[in-house]
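K.L.:
Take the sequences, apply the hints, and build the full model.
So in this note's numbering, the last spot in the sequence shown is 241, and the numbers never skip.
Here are the computed distance ranges between Cβ atoms for each label pair:
id	residue 1	residue 2	range
1	D196	L116	25 to 33 angstroms
2	Q232	N149	13 to 21 angstroms
3	N89	R63	16 to 24 angstroms
4	H230	L116	14 to 22 angstroms
5	M115	F238	27 to 35 angstroms
6	K180	L116	30 to 38 angstroms
7	L53	G239	26 to 34 angstroms
8	T52	R179	31 to 39 angstroms
9	R107	N201	34 to 42 angstroms
10	N89	A225	31 to 39 angstroms
11	K180	L233	19 to 27 angstroms
12	D54	R107	30 to 38 angstroms
13	E124	H191	17 to 25 angstroms
14	T52	K180	28 to 36 angstroms
List time: in silico EDC-like cross-link candidates among lysine to aspartate or glutamate, alpha-carbon distance up to 20 angstroms:
id	residue 1	residue 2
15	K151	D235
16	K151	D174
17	K151	D204
18	K151	E200
19	K151	D61
20	K210	D227
21	K151	D54
22	K151	D196
23	K180	D204
24	K151	E124
25	K180	E200
26	K180	D154
Hint data in this document are derived by calculation from the structure and do not stem from the laboratory. For every residue, glycine included, the Cβ atom is placed at its ideal position computed from N, Cα and C.
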Amino acid sequence: TLDCRGARIDQRWEDGKRSRSGVRFPYERSVSNVTIRNCSIGHVGRYGLDLKRIFRGAELRGEMLGHTGLRFENISIRHARGFAVYIGQNAAQIYFENLKILDAYGGVYVEAGAQHVSLVSPDIRGSRKREAIAIDSAQHVLVRDGHFENNGDAITIYKNCGERYGQVCPIVRALDASHHQLLDNYFGPG
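P.N.:
See the structure below:
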């Protein structure tokens, strides 16, 4: 468990550190049962929370298990050049409560194969180029009591990356984009 107690993680991407994330989980191996709370993350060059997992060919052998059992409470992310939160491939049991995102390229990206992702009381404003929440070939995503304003789109659900623009991924996604719950959310101007 990491409790920042309100401390700020600030990478100051405008000073030339353009590829740094606020908090980055390992790409090479999966971790489980981690809690992060009460953190403020700002000025990141890539992602505020980087939960990406790279399998290096394992997807062809069916050996993919992403990060599991992650919990995030009272997280604030401001000024992200990439997605404020990137939830990696085949992640499971990922829970967010009181996530606030302001001024990012995109809000939350849920990668293919992810399951049982919960976003309770997210407040996402100012995702300039992409949606507040992108759900790509993931299942069982809950978005409840959210507040969305001035984003490229609010929530986009799709099966294959790029399908929105007529592109197809090199590997067709196994999961369809279904079994989601979008409950009691507010969609404001923009």
